[in-house]
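Given next are the chains, with one letter for each unit.
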Amino acid sequence: MRRSRAGTVTINAVGVVLICVFAFPVYWMVSTAFKPTIDILGYEPNLWPSALTMEHFHTAVTRPLFFDYVRNSLLVATSTVLLSAAVALLAALAVARMQWRGRRGFLTLVLIVQTAPFEALMIPMFIIYRDLGLLDRLPALVLTYFIFTLPFTVWTLRSFVAAIPADLEEAAMVDGCSRVGAYVRVVLPLLWPGLIATGIFAFITAWNEFLFALVIMQTEDRQTLPLWLSSFRTAFGTDWGGTMAASTLFTLPVLVFFLAVQHKLVSGLGAGAVKG
Amino acid sequence: MPGQLARSGGPGDTRALPYLLIGPALFAMVVMLGWPVVSAVVISLQQLDLAQFFSGETVWVGFDNYREILTDSFFWTVTARTVVFTVVNVLLTMAVGLGVALLLGRVGRPLRLTLSAVLVVVWAIPQITATVVFQWLFDQQFGVVNHVLTSLGGDFRDHSWFSSGLSTFAIITLIVVWQAVPFVALSLYAAMTAIPAELREAVAADGAGPWHAYWAITWPAIKSMVMVLTFLSVIWDFKAFTQIYAVRGGGPDRSTITLSLYAYIEGIGKNHYGVAAAASVVMVLLLLGLLAAYLRLMVRSLDEDMTR
Numbered sequence: 017m018r019r020s021r022a023g024t025v026t027i028n029a030v031g032v033v034l035i036c037v038f039a040f041p042v043y044w045m046v047s048t049a050f051k052p053t054i055d056i057l058g059y060e061p062n063l064w065p066s067a068l069t070m071e072h073f074h075t076a077v078t079r080p081l082f083f084d085y086v087r088n089s090l091l092v093a094t095s096t097v098l099l100s101a102a103v104a105l106l107a108a109l110a111v112a113r114m115q116w117r118g119r120r121g122f123l124t125l126v127l128i129v130q131t132a133p134f135e136a137l138m139i140p141m142f143i144i145y146r147d148l149g150l151l152d153r154l155p156a157l158v159l160t161y162f163i164f165t166l167p168f169t170v171w172t173l174r175s176f177v178a179a180i181p182a183d184l185e186e187a188a189m190v191d192g193c194s195r196v197g198a199y200v201r202v203v204l205p206l207l208w209p210g211l212i213a214t215g216i217f218a219f220i221t222a223w224n225e226f227l228f229a230l231v232i233m234q235t236e237d238r239q240t241l242p243l244w245l246s247s248f249r250t251a252f253g254t255d256w257g258g259t260m261a262a263s264t265l266f267t268l269p270v271l272v273f274f275l276a277v278q279h280k281l282v283s284g285l286g287a288g289a290v291k292g
Numbered sequence: 376m377p378g379q380l381a382r383s384g385g386p387g388d389t390r391a392l393p394y395l396l397i398g399p400a401l402f403a404m405v406v407m408l409g410w411p412v413v414s415a416v417v418i419s420l421q422q423l424d425l426a427q428f429f430s431g432e433t434v435w436v437g438f439d440n441y442r443e444i445l446t447d448s449f450f451w452t453v454t455a456r457t458v459v460f461t462v463v464n465v466l467l468t469m470a471v472g473l474g475v476a477l478l479l480g481r482v483g484r485p486l487r488l489t490l491s492a493v494l495v496v497v498w499a500i501p502q503i504t505a506t507v508v509f510q511w512l513f514d515q516q517f518g519v520v521n522h523v524l525t526s527l528g529g530d531f532r533d534h535s536w537f538s539s540g541l542s543t544f545a546i547i548t549l550i551v552v553w554q555a556v557p558f559v560a561l562s563l564y565a566a567m568t569a570i571p572a573e574l575r576e577a578v579a580a581d582g583a584g585p586w587h588a589y590w591a592i593t594w595p596a597i598k599s600m601v602m603v604l605t606f607l608s609v610i611w612d613f614k615a616f617t618q619i620y621a622v623r624g625g626g627p628d629r630s631t632i633t634l635s636l637y638a639y640i641e642g643i644g645k646n647h648y649g650v651a652a653a654a655s656v657v658m659v660l661l662l663l664g665l666l667a668a669y670l671r672l673m674v675r676s677l678d679e680d681m682t683r
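Sequences listed follow chains A and B, in order. Numbering of the first sequence is given in the numbering used here, commencing with residue 17 and proceeding in unit increments. Numbering of the second sequence is given in the numbering used here, commencing with residue 376 and proceeding in unit increments.
Calculated from the structure, these hints are not laboratory results. Treat the hints with care, since some could be wrong.
Anything over 10 Å on all C-beta distances counts as not near chain B; from chain A, calculated [claimed, not checked]:
#1 M70
#2 E71
#3 F82
#4 L98
#5 V103
#6 L125
#7 I180
#8 R201
#9 P209
#10 T254
Covered stretches of chain A (in silico footprint by chain B; criterion: 3 or more residues with CB under 8 Å from a CB of chain B, positions within the stretch not fixed) [as the list claims (entries may be wrong)]:
#11 27-36
#12 128-139
#13 239-248
For glycine and all other residues, C-beta sits at the position ideal for the given N, C-alpha and C.
Isolated chain B, as found in the complex (with noise of 0.2 Å):
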């Protein structure tokens, strides 16, 4: 009996492992991610506020949700501004971050291993802490940023950086850039260490400057690194929600809302959940040329792993 139980379990036992195994990847994979898709569509084609909300009732509105959307001229205000905060993040990131990977592999062998440090300590940092943290040093009455400037010979004595939309969104930036130049300075550095020595010498011993030995050898190694990183910032860039959110909550005068933060307020503030729904399915879909093209090349670069 437990002889014939192991035979019958036996071949169609093992051919079926693999899947009991990744059964419950699976299915929570598929469920986790397909089921707010799907929600958000359908959300989005009805009105669904408080009182529906409460009531449970499903009102069908067709695309009145994009229409509303789509003809508010602030909505496409905080789009084109959200498209300017991503694109200035990731280029100011992607240069510092650069810049820094070029330095560190240039500075002394103390200074390299102290700056590694403090950028692995700033990567650590939550992004929650990190907005608190920020929001001290330009604090307008006791925030050392204003003493400093001041005593330098400007005159930032209680000077709120937090009054205007421009000077909000520069420290936003500040915190975002600040956060993420580690990461991005770190895995470059590791590229490019990854250059051997003896092709610098080559390149070096032929007389080349600076300049040429960085794009006959540095850039081939980093490009797809510089790529990968890219992608990942336009997309952690675009999504940006504590930061903003937790340095005015969008303010002042609504000056610094983004699309994360217009779907937030038009949801969770005013209960406008078919709205909300419908401002995140034009997010997801500005997004996703951007996502395809990245996951292409992940996938890629998993087909020369897989085939390895």
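With the rest of the complex left out, here is chain A (with noise of 0.2 Å):
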């Protein structure tokens, strides 16, 4: 196909321009952390800040129970992590390299699990949490999150496991060792890029859900970080400086892991479940 210089032209400038416009709100929620309150307020915006300054972080992390929200979160998401990972590792092992009755319907399961609307059954969850003695404890958010964060685990690391030869484990049980033997010290140290990658996307799932945060956590010392960040507008007014560096220091460690993973993630059904 044979372009004409003018329509590689247009063609480019269109894409400079879909540039621009995805990339403005990153941009302008960074440089607005680090404006000058005068710049922030002023009548004309600048597009460059004038000075830069770190008040605005300040006031985000010297507000009242920042480090409350803070330890909720990394403590809600690590759970979540490590819940998952043991739970899938199993799982994922038994379907990879074991023949058994129910496997297909077992995998079909783990679909229907991985779709399934559960915000739509929030209410019924919040009362089956009322009866448990666990509404407002953080155990609620760790289950909940690890329900989200199993299927896709269960899936990624299942194609992780199959794609180690078997001729490995076998040679190590040729050697000697049981077969949990052999998964363990062959299968295992082989797993790590599967595991960081599927714990990255449970950890960023557990530290962005906010709906299921909302509901199930009244307390404002027990919340996360979502919601502090929701908190910003209603009780700041207008500080924009402030709830932007909250917003730039809440997305900053998700923005990280996202890339480091990202590409390990991108395929078929994966690359859905890693949405918001």
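Assembling the complex is the task here: the two chains are given apart, and the hints tell you how they should meet.
Listed below in structure tokens is the structure:
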């Protein structure tokens, strides 16, 4: 397909516009976070900050309970990662390495849970957590995020396990390892990239989740960071500098993690599950 | 003695092993999906307000909750609104996503790399962050959008984007589409790059125009991906909550309440858990056909995967 010169220029121009449109909100968040208040509340917005300041970050982290929110978020996210990885790893070994009746049914169930609209079930889940005495307690959030991330983790680890040659374990078993021993000594060490990728996915899911944190956690000092971020606007009215600094702080770890594993997760179902 | 143990646990052990391994995952999935589904139905047949919530008393009311929402014209408005919101958002997401994917294939290399990097960054932005940032962009007094539109000759000084339902929905749609396009565009672009170069050259050598080439080569290569992405987008947008709730909590004047917010407000807001559960059941039923079609698609690709 030969293209005219004018056509190529137009296409590239559209490309530049798209880059600006998509990048601008992110740029505006970060630049507002570093701008002196005088720039933010000026009648003519400055595209570039006239000076850089850390005052908004200071405002954000010195708000009451900030470290409670951080601790809760970290606690919930790490617990979700560990629980999800442990349960999914066992299932992934069975699915990828063994022949057994019901394997197809099990994988279908994984797909069903993966697609299930849990958000539509927030009310029954709320009542169930009440019955279990888990309302307003972090374990309820961990359980919720565990079930959000389990299907994807099983699915992805399954393909990571399948990619490890079975000969390796067989050789270990010939050398006198038990079946379980062969998994622990041979498969597990090779599985780290998969565990890291799915672990990061689970971490991001738990870190970002808003609805269930809102529904289940009612006491302020037990809530997680997404609620901290949404409370900014109402509490502070128009402190946009502080709000954008908070947004930047909250988003930074997600961005770093996501960029690190993004290429590992982009494939079929996997990619689908990573949204928001 | 140890030998005997090993023998008795030998072959039987191996046969039981996979079931032991999937046990925890199976238990978790069955309980954590099955229980809420069953209990949604059970609660929807009860009167469960604040009094019953604290006393733990069970009051059966048959289909009263369903009668209540199905005869409430506001519920129908909300349902219709949710469907329209979903259709508009999915169409925009797919159209823009496809456009961006096609563009990625035709711009120069530096632009392609930059655009892909920007898309990945936007993809990574959490929903709550995106919502807060767009509120700042469209802020009435100091928002950059009002400044730019005013300097372009419009009168947008102190214009409030959140004073009418339609305008608020427009902003919500902008947030949803901005966040959803990267995943759609990058997935479609990946599907397009799988097309062999010889095929393109052969069609180009036949003197085919770009439209013909698109329908002959690109479309067949991305068709199934378009279908999967459309299904996923419908499911996601239909149950969207965070953006709508965080922008105005369903306001102004209840005009941006969708089904998710309806269930939330009835249940958590007004403590009418029975009514809210009935709304949840209706919501799941509305999604069910779609979910089933999507699952059939996924199970088919699972079967191909397993026979390979």
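R201(A) and chain B, when compared Cβ to Cβ, separated by more than 10 Å: holds, 17 Å
Against chain B, does the segment 128-139 of chain A show at least 3 residues with beta-carbon separation below 8 Å? Held - the segment 128-139 of chain A has 11 residues with a Cβ nearer than 8 Å to chain B, which meets the minimum of three.
F82(A) clear of chain B by more than 10 Å, beta carbon to beta carbon? holds, 16 Å
Does M70(A) clear chain B by more than 10 Å, comparing its Cβ with all Cβ atoms of that chain? holds, 19 Å
Check on T254(A) being off the interface with chain B, judged by Cβ distance over 10 Å: violated, 7 Å
Mind taking a look at whether chain B covers the segment 239-248 of chain A? Criterion is 3 or more residues with CB to CB distance under 8 Å. holds (count 4)
10 Å cut-off, C-beta based - P209(A) kept clear of every residue in chain B: Given a closest Cβ separation of 19 Å, the condition holds.
Grab the minimum beta-carbon distance between I180(A) and chain B and tell me whether it stays above 10 Å. holds, 16 Å
Interface-negative label, L125(A) against chain B, beta-carbon threshold 10 Å: Non-interface label fails for L125(A): nearest chain B Cβ at 6 Å, not farther than 10 Å.
Far enough from chain B: is every CB of that chain over 10 Å from the CB of E71(A)? The claim holds: E71(A) sits with its nearest Cβ about 17 Å from chain B, beyond 10 Å.
Going by Cβ atoms, does L98(A) stay more than 10 Å from chain B at every point? It holds; L98(A) is separated from chain B by about 13 Å at its closest Cβ, greater than 10 Å.
Given as non-interface: V103(A), which should sit over 10 Å from chain B by C-beta: violated, 5 Å
Hints 5, 6 and 10 from the earlier list are contradicted by this structure; the remaining hints agree with it.
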